[in-house]
Amino acid sequence: MQTAGKALVYVLVFLISALILSPLLFTVAGSFAVYWGADMYSAGVTLSWYAKVFEKFGHTIGFTLVLAFGTVLVNTVLGTMAGYWFYRWKSRWVFVLEELLSLPIAVPGIAIALALIQTYPAMRASGALMLVGHVIITFPLMFRTVLGTLRTKDFRTLDECAATLGAGPMYRFFHVIFPSIRGAILSGAVMVFMLSLGEFNMNFFLYTPLTVTLPIGLYEAYSTLRIELGSAYTTLFLAMAIPLMYLLHRLNQSSAFSRNGGV
Amino acid sequence: MEESTVQSMEIAIRGVSKTFQDGTTALQPIDLQVAAGEVLVLLGPSGCGKSTLLRMIAGLEQPTAGRILIGDRDVTQLPPEKRGIGFVFQQYALFPTMTVEENIMFGMKLRKIGKQEQKAKLEELLALMNLTELRKRLPIQLSGGQQQRVAIARVLATDPMILLMDEPLTALDAKLKEHLRLELAQLFRKLHITTVYVTHDQTEAMAIADRIVVMNKGVIEQSGTPKEIYLKPKSSFVAQFVGQVNRLRAKVKTAERGNVLDLGFYQLPYKGESRAVADIDVFLRPEDVYLTQEAGFSARVQDVIFLGDHYRVIAESGGQKLVIDVGNDTLIHEGDQVQLEIREDKIIYA
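Protein chains in written order, with numbering that gives the first Met the number 0: chain A, 0 to 262; chain B, 0 to 349.
Misleading hints may appear alongside valid ones.
As the list claims (entries may be wrong) - Straight line, CA to CA, 30 Å or less: simulated DSS-like cross-link-like pairs of lysine-lysine:
| no. | chain 1 | residue 1 | chain 2 | residue 2 |
| --- | --- | --- | --- | --- |
| 1 | B | K174 | A | K152 |
| 2 | B | K81 | A | K89 |
| 3 | B | K231 | B | K320 |
| 4 | B | K174 | B | K226 |
| 5 | B | K135 | A | K152 |
| 6 | B | K81 | A | K152 |
| 7 | B | K176 | A | K152 |
| 8 | B | K108 | A | K152 |
| 9 | B | K226 | A | K89 |
Claimed, not checked - Chain A residues, not near chain B, derived (Cβ > 10 Å throughout):
| no. | residue |
| --- | --- |
| 10 | G43 |
| 11 | S125 |
| 12 | C160 |
| 13 | G167 |
| 14 | T223 |
To be verified - Ranges of calculated distance between the beta carbons of each label pair, as one might list FRET restraints:
| no. | chain 1 | residue 1 | chain 2 | residue 2 | range |
| --- | --- | --- | --- | --- | --- |
| 15 | A | R181 | B | P28 | 44 to 54 Å |
| 16 | A | L23 | B | S45 | 55 to 65 Å |
| 17 | B | K135 | A | A6 | 26 to 36 Å |
| 18 | B | Q27 | A | P168 | 26 to 36 Å |
Don't read these hints as lab results, they were simulated from the structure. Computed from a predicted model, the values in this text were never measured in an experiment. Note that beta-carbon positions come from the ideal geometry of N, C-alpha and C, so glycine has one too.
Just need the whole structure built from these sequences, with the hints factored in.
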């Protein structure tokens, strides 16, 4: 009976994995087809779709990366500062504010995008508004990760201890607090990067012809051009996202959090 | 450690009080002077304000009123990093990402000391605290006792003008605590550095203090040498908090040759402050009652507890309970009738 139960679990796991992965695998396979009809490779195999992607959408990849890195940069500073500040701040209002700052996770991207357009119309053309939007929706990820890690240990005593040894506030942050939460910051940064990279919802309302991001380009490719081109585009996106996924996984598992413990 | 490198400073606490934001008063206005080189222990139950006072000397807490001076420098407004202090925390507070060496070097690097001198000092401290073998380890790889030794070495590395210790042994197990207590007592004697040491453990206080300040509910109950505190407690709180003590109900009565103290089961000459007939409480240490053959008074043994080096005996006489200590070679059993005598000059009238 036990073996049968185990076998059932394996079959289920396989089926679910297949269900999730098949569409992606098909997309990747399709990106190499000259014509993706009933038979995928009946018209032959080609790399020309990739050339087309770079030709038509090359600039979107560059802009998307700039946007994602910009978002990570801003949020690493903002999120870490806010997390540290919230950790040190003793008041019951902390929790209210903490929930408020996490709200962007629950609010649809469209709503935030529309609110941004109405509030800061002047910033739209340059693409700065997109950066603001990305910063807003990814901020909770960084902030929560840092705050959560700070709360698992007695960093207040470490901070006090460093002070009694003669270290000023800046020195204490960079030499005592930061090394202990570096793993959390890195992990937050990867999450922020990935979320920014794949964001469509908000971009769809904020983009201008000069600020097309990868997911928007992808949408265009699928809706107005050929499915094979879209597939090639998707494959490139996956090639960027998967290594990051892996890195995130490694970070969460490794020692970055646990080994430095023992306060 | 060379003695020339240590400049001992005195500490003056002038009218310092602390009321927390939620309105609780941790400390009534307190005046306290710690002499240069003195080891002063703040002793009291949790919540008596001893840790708050220590943290205010360190600058980790801001006093509500009053001034704190280290040497002749008013440090009341200075942050901890500008006070030239060393602080040892109960939870060790070693920096988890740094090795033993790096932890010890932390404070040294912030001071303008030459590289050579730093290295020499590190070696000296590793040897002094028995840490040489562990120098490359991370805190998580150390036992509690080892961690606390690193914490102490780290503090000494900065040549603090005063040393502040907040229950540094409380988190350790009993055997280790006893061992480290002895080490600390020796270290203090060697260093001659002004030290304020907070603890709730009176044995610890006795072992290391030049002077003990007993605190309760935010006020100083008594200040004195360990002997004075133990033998001449000034209040019933001090008598009961420091060491084992019997609390006995008594009556002061007038007699022909001066007043007598009537314990109900026994009468002794009264040696407290002169006063008229009254009901009072007196205190008596277990070691100040002893077994005798003649005279004394009779008591019934209720319980005998073997404590290794001695028996602790709980006896009863005239409705009053008496805890006494007798040698471990004494033949004594539950239910026995025994004759007891009191060292009358040891009775504490607090």
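- Is the Cβ of S125 (chain A) farther than 10 Å from every Cβ of chain B? Correct as stated: the minimum Cβ-Cβ distance to chain B is 41 Å, above 10 Å.
- Would you assess whether T223 (chain A), listed as outside the interface, keeps its beta-carbon beyond 10 Å of every beta-carbon in chain B? T223 (chain A) is indeed farther than 10 Å from all Cβ atoms of chain B, at 53 Å.
- Message: Does G167 (chain A) clear chain B by more than 10 Å, comparing its Cβ with all Cβ atoms of that chain?
- Response: Given a closest Cβ separation of 6 Å, the condition is violated.
- Compare the distance between the alpha carbons of K174 (chain B) and K226 (chain B) with 30 Å, and conclude whether the hinted pair is satisfied. With Cα atoms ~25 Å apart, K174 (chain B) and K226 (chain B) stay inside 30 Å; holds.
- Item | Satisfaction of the hinted span 26 to 36 Å by the C-beta atoms belonging to K135 (chain B) and A6 (chain A) | violated, 50 Å
- Message: Please verify whether K81 (chain B) and K152 (chain A) have alpha carbons no more than 30 Å apart.
- Response: holds, 26 Å
- Message: For a C-alpha distance cap of 30 Å, please report whether K176 (chain B) and K152 (chain A) respect it.
- Response: OK: K176 (chain B) and K152 (chain A) at ~25 Å, within 30 Å.
- Message: So if I understand the rule, the pair passes when the alpha-carbon distance is 30 Å or less; does K135 (chain B) with K152 (chain A) pass?
- Response: Roughly 23 Å separates the two Cα atoms, so the pair holds.
- S45 (chain B) and L23 (chain A) - C-beta distance against the hinted 55 to 65 Å: Holds, at about 60 Å.
- Query: Would the least Cβ to Cβ distance between C160 (chain A) and chain B come out above 10 Å?
  - Reply: Given that some Cβ of chain B is not farther than 10 Å from that of C160 (chain A), nearest at about 4 Å, it is violated.
- Message: Given the hint of 44 to 54 Å, is the C-beta distance from R181 (chain A) to P28 (chain B) inside that range or not?
- Response: This hint holds: roughly 45 Å between Cβ atoms.
- Compare the distance between the alpha carbons of K174 (chain B) and K152 (chain A) with 30 Å, and conclude whether the hinted pair is satisfied. It holds: about 28 Å lies between the C-alpha atoms, which stays within 30 Å.
Of the numbered hints listed earlier, those contradicted by the structure are 9, 12, 13, 17.
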